Each structure stands twice: as structure tokens, then as C-alpha cells.
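The task is to assemble the complex, starting from two chains supplied on their own in separate frames and drawing on the hints.
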Amino acid sequence: MENEKLKKLLNEAAEQVSEPVRPGLNEDIKHQIPHRLLRHKGGWNTINIIIDLRMSKLTAAAVIIITMILLASFFGGRDSMGDGIFQDSMLLIRYWSRGRGAYSSVVSAGRSKYEHLLNRGEDVAWYGDSIDPKDNNAVLMQRKLPDGKYGVMFVDGRERQVNAEELIKLLTPMLQKKTK
Amino acid sequence: MEQRANFAHPVSERQNHNIKKEHSAQRQDTLAARLRAGDRTAAAELVDVYYQQIYLYMRRLGHDRQVSEDLTQESFLNAWYNIGQLRDGRALNSWLYRIAGNVSRLYWRRHKGKEAAGIEDIDVPDSSDAQWDKAGHREQLEQLKNAVARLPIKLRQAVVLHYMQQLTIAEAAEAAGVRPGTFKSRLNRALKALRKRVI
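Chains as they are written, first to last, in this note's numbering: chain Y, 662 to 841; chain R, 3 to 201.
If we strip away everything but chain R, and leave its shape as in the complex, we get (with noise of 0.2 Å):
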């Protein structure tokens, strides 16, 4: 059975959610067979989906603006070279987070000097809720986004694919190229580097 990282949603914001979930399933499986066969309108399509999330995918790993942004521009020339990837029965995303994580991956190696620009680097809005005026609330966040920067390539990847970026296990497992249970290894050791690092 999928896990989602979902804790906060009441039980029927959750149903609500899952009915959302399954059109976004059909409307990425119409996608993808328009994507096999070569339909540009649908590649277009693609990119207003998953632009955004690419981006921030690849903020949060660590990457600066500029590079985030080519290597966004990288992932999307890679998934039009890759369609033949793109199997009957396989998540869009799960492909297209592959394709991002492999383009980040190569990225990290040819730079093996840089420094992740970690994700305390993003721009956090200002928010009026109450819950985040709260000081101490607000330092365990900075302490947790800080420790999450810090983190081994592969456990950062894990982390912000599932947590982050809202893949179940089985996607988020696809997308690091693992099996399920590799991956929940990867988280499991991740939340333990994570616990101890954040008070």
C-alpha cells in the first residue's frame, strides 16, 4: 500500500485529495500517451505541469538560482531526447523526476567542489499564520532545513522527493531509480540523521 506524506489533512480533505489525485492520474495518462505519440501541444502541456516543480525540485537539492534554472532547462531537452522512455503503465513524473535527479546528479559530479546552496537559501513567503509567528516553531524549521542541506546527496533526494516534492514511495522510489524497499531505507536513514540534528 502507497504511503503519502500527508499528516495534516482532516479525513475528508484527504478523501477530497485522493479524488484529485486519481483525475491527476488519468490527466497524466492522457499525457503521456499524447507525449509516445509526438505531439507537441503536449510536450508544451508538460512543461506548464512540471516547470515549476522541476525548479524548486532542484532548489531544494541544493542547487543555486541560475544553475536551477539550466539545469531545469537540461531535464526538459533530456525528457523530449527520452520519450521512448516513456512506457505504457509508468508515472509521468516518476520519469520526469528521473530524468531531473540523473541531470542534477552529473551536475554535482562535474562540480564536485560546490557547496549545496542548501534550501534555507529559498525565499520564505511571509505568512500571517499564527502557527509560524511562533518562534520556537520557526527556528525548529530553519534547524530542520538546515540539517536537511547537510544531508548525503542520495537521503537529500529521498527526503525531497517524498516529503517535499509529494511522491508516494512507489514514484518517489522510481524517480531515485531504487526499489521501494531501498528507498525506505534511504528515508528511514534520513529521518534518523534528521532527528538528531534537530532539537
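For reference, chain Y alone in the conformation it holds in the complex (with noise of 0.2 Å):
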């Protein structure tokens, strides 16, 4: 077909292809008007930024726990990865990975924790390349506090501070297990 008859015919159908529009729709619309139409600041030019994003609820929990680390981090200086900080973002990866894949996140979570905190020289040993991660009361890793205790962080999330009596009966089922 010729480019001008289609043309021709686009704009035929244009002048057939009509509905009926409800009543009363105007009128729905004009009752949205709000009763002052503001502009944006005299002189600003603006533009709307609208983001769709779509993503699973365990890559949403992560650029949050990521995203207020960094903003810890920024504001707070060394103490950024501190126990509240961290609690939170233990929080979040339980209620929003709710048991499926909750096990590697908190394992990685608390691996960045384990890498910071040596990096920061303190005294601290990792046992989660070694863990049962059905044993609820394995320890993922436990470092030495100021005070003599030791605080001891277990692969669900939980955090104690033990003594070190408390601590050998922690570790010791665990070494046994990895001696067999």
C-alpha cells in the first residue's frame, strides 16, 4: 500500500474511531484539583525522577544492610560496624530471607564483621568454614573483649558474652566434631 493512502486512511480512521467517554468523568477529575495549585520555586527548573525497581526481598535487605553501613560509616567514623549497627542488619536478614537462605547471608554478614574486626587488630577467630549450620548453637566466631570476656556470635544471628569456661563448652563439641 502507498504511504499516502495509508496516511490517507490513518487519518479516516481517526475520525471514525471514537467512543462514548462515561459521564461524569470530567467532573470525577475535577473534584481531584487540589484547592491550591502550586508551582515548584519560582525560577528552579525540576525533574521527575520515577525508578521502578525490581528486585528479591534478600537483594533489597542487603542494599539496605549495605547502604546503612555506609552511612554509618560515614558519619560514625571507626565504630561504624558497632554492635547496634550490626544487631540491625541481623535483624533484617532473619525477617526478610525467613529461613530460606538466611544461613549464608548471616554467614556472610558475620564474615564481613570477622574481617573488619581483625583488620582493626582485635583478637577474634572464625569457625564458620568448618560449622553445622543445622546446629543452632554452633559458633560462627568469637573474639576477646577489654573486660576478659569473650563475645561469641553463633550462626543464627544470636550474639552472648561468655566466660571462657562457657566458651571452651561452646567449642568443644564443635572441635570434636571436626576431629572425626
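To be clear, the hints were calculated from the coordinates, so they are not data collected in a lab.
Each hint should be verified, as a subset may be incorrect.
[To be verified] Non-contacting residues of chain Y with respect to chain R, defined by C-beta distances greater than 12 Å in every case (computed):
1) L671
2) S773
3) Y788
[Stated by the list, open to error] Partial pick of chain Y residues on the chain R-facing surface, computed with a CB cut under 8 Å:
4) N672
5) E673
6) A674
7) D689
8) I694
It should be emphasised that the depicted structure is a prediction, and the values quoted were computed from it without experimental measurement.
Glycine is no exception: its CB is placed at the ideal position from the N, C-alpha and C atoms.
Here is the structure:
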């Protein structure tokens, strides 16, 4: 078909193709007119940014955690990996992942914390490579605290402060399994 | 020089049309100025002038009746909150069509699996015009409507804006958010695709 004929046909279609609009639609729209039509600040050129992101809950949780850590490290300096933020992050991971993949999320978050503490020169030990993920009392890592106690992080994300004897009790079954 | 999708009018009618168009442009400028000043009655007038056009635009883009109504309302709602973008010298209808186009685009993005209703579903009123009684012509028109509905969204938008909503190339390009050259290229691609599909 020739272009001109096609254009003519499209024009005809436009004239013919229409349907009545529901009566009252204009009134419905008018009801939504705000009481004050406000412009943006005079002289400012504004833009609208519309972002439509689709991601899994786990990815979203990871993004939130990373953002929180980055913000905290920016505003909070050296103590950015302090327990408050870390605990919040663990809570978020546990909430969003709800079981599936929670283990790997906790281990990777724990590993990040371990590496951070190690870089800070703290006395810290990592057991995450050889633990049983089904055992909720498996110790992911431990670090020595200034008061002589030990901070222990479990595989389900819990953290506790224990003395030397308790630490030995916790680590013994794990180490026995490993030697078998 | 701006092109208008108008082939059927004799010269005298076209002159008449141009005069009307000029009046319409002046009216648009006045309306735009009142909107920028925050005049609520101008907002109501905008609705009366454009709500049918925006509704049909949505229908021709492939939304069903209910969705088209919702999207028309959403378009105007967005318009109220984007009056700051209505700058001097910017055509009122391009601004509104652009908002409506964005609303439609966002809808398609949120409902990726949904099929376009297609303009073939729009009720065609009975006409006593002998031309429309010709079976061949009617068939061609049906083929064309089906073909337009199957075009990719950007090409369909170009065809609908220029040939069905009767916007000039410059207005339609602004409404589509592209340069006139890009818009013409889209139109050419659309016409090429339609030519293949319509016998």
C-alpha cells in the first residue's frame, strides 16, 4: 500500500474511531483538583525521577544493610561496625530471608564483621568454614573483649558474652566433630 | 515547517482549519498562563477541554475502558502536581500528552504480561456515509486498526499522536519526549510496518 493512501486511511480511522466517554468522568477529575495549585519554587527547573526497581527481598535487604553500613561509616567513623548497627542488620537479614538462605546471609555478614575486626587488630577467631549449619549453637566466631570475657556469635545470628569456661563448653563439641 | 496529518480537507477548509487552530493556540496560551498563576477554574477548564482527548489517547494506546478512565484521572492528577513544568512557550497539549504518555508507559511497565486491548475494540459508530458501506474499505480499516494495535509501543504512540490525536510533528515529538527528527523516524518505521501488514 502507498504511503499517502495509508496516511489517508489513518486520518479516516481517527475521524471514525471514537467512543463516548463515561458521563461524569470530567466531574470526577475536577473533584481531584487541589485547593491550591502550586508551582515549584520560582525560577527552579525541576525534574521528576521515577524509578521502578524490581528485586528480590534478599537483595533489597542486602542493599538496605550496605546503605546503612556505608552511611554509618561516613557519619560514625571507626566504630561504624558497632554492635547496634550490626544487630540491626542481623535482624533485617533474619526477617527478610525467613529461613531460606538465612544461613548463608548470616555467615557472609559475620564474615564481613570478622574481617573488619581483624583489620582493626582485635583478637578474633573464625569458625564459619567448618560448622554444621543445622546446629543453632554452632559458634561462627569469637573475639576477646577488653574485660576478659568473650563475645560469641552463633550461626543463627545471636550474640552472647561468655567467660572462658563457657566458651570452652561451646567450642568443644564443634572441635570434636571436626577432628572426627 | 510543521506538517499536519490532514489530507482530506479542500483548500478553503484547510484555511478555515488554520484560523481555528490559531484561535485555539491563543486560547491554549491564555489557559496555560492562568494555570501557571494557580487558577483553579483554569484547571477545571483544562479538564473540560482535554479529558475526552486523553481518554481516547489511552484507548488508542491499547488500554481497556476502565484502565483508560483510571489513567486519564491519573494523568490529570499528575498534571496538577507538575504545573511547574508548564513553561512559557511550551504547548499546553504537548505537556499534557507527555504526562499522559508517561502514565501509560508506567502502567505497561507494571503490567508487562497484559495484552493491549487494541483500538479494534473501540466501538465504531454506524455511519450512513456510502464510503463506509464499501466492504473492502471497511476491511482495510479493520486491518489497519489491528496492525496499529500490534505495533511496538513507541511506534504505536507516534502513529496515535500524529495521525489520530492530530498533533503536529513538533507537538507530538515534544509529547513523546524526543526530537522531531527522531519522531519522524519513528513515524516512518511505523508506516513501513503498517504498509506491510495492510493490503
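task = Please write out, lowest number first, the hints stated earlier that are contradicted by the structure.
result = 1
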